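Chains B and W, in that order, give the protein sequences.
Counted the way our numbering counts, the first sequence spans residues 3 to 343.
Counted the way our numbering counts, the second sequence spans residues 3 to 343.
Since the hints were derived computationally from the structure, they do not count as laboratory data.
This one's a predicted model, so the numbers in the text were calculated from it and none came from an experiment.
There's no promise every hint is true.
It does not matter which identical chain is used: a pair holds within one copy or between any two.
What the hints assert, rightly or not - In silico DMTMM-like links for lysine to aspartate or glutamate, alpha-carbon gap of 25 angstroms or less:
| no. | residue 1 | residue 2 |
| --- | --- | --- |
| 1 | LYS317 | GLU258 |
| 2 | LYS257 | ASP100 |
| 3 | LYS269 | GLU25 |
| 4 | LYS67 | GLU77 |
| 5 | LYS20 | GLU289 |
| 6 | LYS20 | GLU290 |
| 7 | LYS332 | ASP34 |
Protein chains: 2
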Amino acid sequence: MRMIKWQNGTVLTPDQTKLPLQEVTLKITTVDQMCEAIKVLRIRGAPLLGAAAAFGIAIAAYHSKTQSKEKLLSELEDAATKIKLQRPTAVNLFWAADRVLAKARAFIGTTEELKAAVVEEAQKIADEDAAQNRAIGENGAALIKDGDTVLTHCNAGELATVEYGTALGVVRAVCEQGKKIKVIADETRPLLQGARLTTYELMRDHIPVTLITDNMAAYVMSKGLVNLVVVGADRVVQDAVFNKIGTYGVAILAKEHNIPFYVAAPKSTFDLSRKAAEIVIEERKPEEVTHIAGVQIAPTGVKVYNPAFDATPLKYVSGIICESQIYYPKDFAKFGPNFQL
Amino acid sequence: MRMIKWQNGTVLTPDQTKLPLQEVTLKITTVDQMCEAIKVLRIRGAPLLGAAAAFGIAIAAYHSKTQSKEKLLSELEDAATKIKLQRPTAVNLFWAADRVLAKARAFIGTTEELKAAVVEEAQKIADEDAAQNRAIGENGAALIKDGDTVLTHCNAGELATVEYGTALGVVRAVCEQGKKIKVIADETRPLLQGARLTTYELMRDHIPVTLITDNMAAYVMSKGLVNLVVVGADRVVQDAVFNKIGTYGVAILAKEHNIPFYVAAPKSTFDLSRKAAEIVIEERKPEEVTHIAGVQIAPTGVKVYNPAFDATPLKYVSGIICESQIYYPKDFAKFGPNFQL
């Protein structure tokens with residue numbers, strides 16, 4: 003099912019802050035609306051953010067009144083800059099915006115043709131993501147046996163991508179092969195993407211899922227209830243994988259229990275020119291921790307620390323499942339600016 | 003501050019499900035009220051549960067109309083049986099109930115004198131707990147240096163005891179020695195004892211505290227923000243410490259980051275005749291996970307796993323801080339039915 007659609011200048015996508023209790027479709031027609039949707043996580047998930055960034059620039063192009071190509075390029079660049087400001091950690095946002103801008107800058111043709119080309123490039127990014135996720139799913143499916151239970155953190159599912167999902171794409175591909183597997187979903191505080199989104203899309207697809215709180219992961223591992231961990235990624239750098247806060251802890255727990263820990267991510271998530279220490283980790287507002295669904299749960303004025311992501315050093319990662327292949331620790335050793343993905 | 007008080011047949015204690023937003027004092031006058039309060043965690047924390055169990059039996063004695071000693075003993079036994087059924091994991095509940103019953107069974111005197119003796123024994127258990135926690139605090143304080151940051155899980159504070167706290171008793175003792183320290187509190191899903199109670203009582207006592215979600219513990223450790231972990235315990239057995247779900251994960255993370263992991267618990271929490279495999283871990287209702295403060299956060303009908311405790315093998319424990327001394331791994335090796343605490 004397509005999570006983000008372009009319809010004559012309008013972007014249609016589920017409001018993920020409302021799921022699972024309400025199914026509301028956002029109809030985004032301005033760059034500001036797209037920025038707000040990204041900022042407050044109505045749209046989230048690294049691959050989906052890439053498509054959203056591209057479509058955000060497509061909105062600027064489609065609705066632009068200018069006939070000047072130079073003016074249009076400047077409007078597109080403004081849109082890209084605004085969109086990139088919304089989330090600092092997910093690299094797909096930057097990757098997709100830059101890809102659309104590069105296409106626009108290199109374009110030869112009329113202003114109207116340029117507008118159409120920008121929309122087309124955004125659509126292409128979305129289509130490619132859908133295809134890549136199916137390839138990731140197929141590559142990863144070989145790792146999982148009939149009867150296995152997979153633990154996942156946050157939501158690297160269809161709702162985090164244009165279609166099919168990355169970590170949950172692997173789960174879907176396994177199920178499509180006829181293997182019977184189960185999923186354990188960490189709820190993923192503070193924003194509960196596991197409790198709200200992973201459970202929702204797996205239940206919709208009739209894939210058995212059990213919800214736990216984040217702090218139960220060690221316990222279920224110690225009971226032998228987990229065969230494999232698969233998570234998504236917001237950015238893969240030379241020495242670490244950035245993903246939703248809590249991923250690093252799950253990776254340590256998996257290692258301690260000798261459970262393989264895999265990351266499923268398209269190549270657009272890779273940023274091998276950088277190391278973990280260079281990446282800014284987004285810190286979000288305290289209310290995400292002190293309030294749940296609008297209800298206050300902690301004392302007024304309590305000090306809060308709310309990093310949205312963490313970095314899992316590659317020594318904890320058994321493999322990174324890409325659309326072309328699975329990268330293993332022997333490959334990690336070669337990760338760097340000149341590594342050919 | 004006394005967390006549980008006896009006043010002419012009425013037990014006064016804060017309703018901990020209402021904290022931190024409302025300060026409501028429960029007035030318990032029947033065994034059934036005490037059972038309900040224990041069951042739904044209005045009263046919680048292993049040492050406080052011990053005092054509550056004792057006072058529950060005291061209520062049965064105080065309000066009994068019988069003049070027959072035999073009838074009274076049978077009423078007390080019924081009360082103890084009911085109370086013990088409420089929470090299977092916290093050993094203090096059993097320990098305190100059995101201590102009061104043993105006192106009653108051995109008592110020589112009139113029925114009215116027996117009623118008074120039961121109340122007196124319950125009061126003695128409460129007074130001893132308060133004194134033990136101060137001793138635990140003093141023993142543990144030596145482990146913590148000026149400038150340190152202590153991470154704790156759940157609430158092993160004053161609110162978990164009759165007075166002063168176990169893990170937070172250590173924190174209090176350090177502060178009373180004039181050392182400046184900080185606390186990081188895991189929120190402790192599903193029931194948020196860290197977010198609701200640990201923050202509340204530390205803020206009340208002007209001890210600096212920062213709240214994080216459970217899945218941020220690994221991240222703050224990796225950033226060098228934690229010098230020491232101190233938690234409480236619901237039961238210490240030959241080979242493990244039972245405590246609130248999530249403790250085991252924190253212990254693994256601490257080990258991976260070379261951070262000492264201490265347990266603070268009075269001897270009444272020890273049950274060295276048993277091994278971890280023999281202990282029943284309470285599983286609580288799914289709604290604790292699917293709902294927060296009454297608000298539904300997960301899809302209707304989602305499967306949930308909700309164990310309330312986990313077992314941390316002693317190999318992850320740097321020491322257990324008791325009222326008489328700190329037990330170290332060299333002592334753990336001797337733990338067994340004949341170990342003299």
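Comparing the hints with the structure gives:
no., hint, in the structure
1, LYS317 <-> GLU258, "both (13 angstroms within a copy, 13 angstroms between copies)"
2, LYS257 <-> ASP100, "neither (37 angstroms within a copy, 42 angstroms between copies)"
3, LYS269 <-> GLU25, "neither (31 angstroms within a copy, 53 angstroms between copies)"
4, LYS67 <-> GLU77, "within (10 angstroms within a copy, 86 angstroms between copies)"
5, LYS20 <-> GLU289, "both (17 angstroms within a copy, 19 angstroms between copies)"
6, LYS20 <-> GLU290, "both (15 angstroms within a copy, 20 angstroms between copies)"
7, LYS332 <-> ASP34, "neither (44 angstroms within a copy, 63 angstroms between copies)"
Violated hints, listed in ascending order, are 2, 3, 7; each of the other numbered hints is respected by the structure.
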